[in-house]
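Residue numbers (my numbering), protein chains in the order written: chain A, 1407 to 1490; chain B, 9 to 169.
No wet-lab data here; the hints were simulated from the structure.
There could be a bad hint or two in this list.
[As the list claims (entries may be wrong)] Under 10 Å between C-beta atoms, here's a sample of chain B residues computed to sit facing chain A:
#1 Leu79
#2 Tyr108
#3 Ile119
Glycine included, each C-beta is placed from N, C-alpha and C at the ideal position.
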Amino acid sequence: MAVLIALAVVAGIAGYAAARVVLERNTMRRLPFLNVVSFAITGSLMLLLPHPLTIVACAAYFVGSTLESNAIASTWSGGIKKDA
Amino acid sequence: MLAEGLRILIAACVCWLNFVTIDVFFGLPKEGGVCGATAIAQEIEKKGGALHGGYMMGNIVSSPDASAGTLLASCAVYAAGIPGGLFTALLVYIGNRICYDPGYAGTTGTITATFIVYGFTQIGFSASDFIAGMVIAILTIQGLSHVHASRLLATLWRWRS
């Protein structure tokens, strides 16, 4: 019961940030909103499944989603600039 | 015993102070760690934000920093106490290396957050308050207004340097 308010806050923020991702037109400015969605999903994973092994799942999910954002941002910006 | 809503708001302030202090101390607003972080900062600047605040927001997107450490430490203390938090510091360290980040902001943030969250659980707070609090804290930086958040972070960076 006590966790329900925390879960409602986290799920509400996830929905809000997801809407901002859809509404923002610029791909680079979408990524910070996507970052908020990742935080909220990681938090709700732990609130829904309170078990020590969930720590590994949370870390794997969060690091994976961060790496994806990193890859999208770096690719979109043109990759590493090589001095010719 | 405080009401749960109030505890979550206090936890959000504590999480915000923890991750912003450590990120600014480790110099995240100085420059983009990867080219993607720099590109995000430039887009935020084009819209009217501050470049150094944008660098920090880009770095938060591109690698697990102290904010990610604070969230994962809260999750770990919720499930497994202090040993879980210290184990998470190892996972964040590995995550930093995977994301091509040479810094130690994430690992340091995880360790400090572990002890802060554990301390607050001793005085009537629950670690779940800190999970929700950290999500609110990151919302204020990354999810409300990029222009205002980047200006605030740039001001804090000017104070440090």
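- [ ] Provide an ascending list of the numbers of those earlier hints which the structure does not satisfy.
- [x] 3
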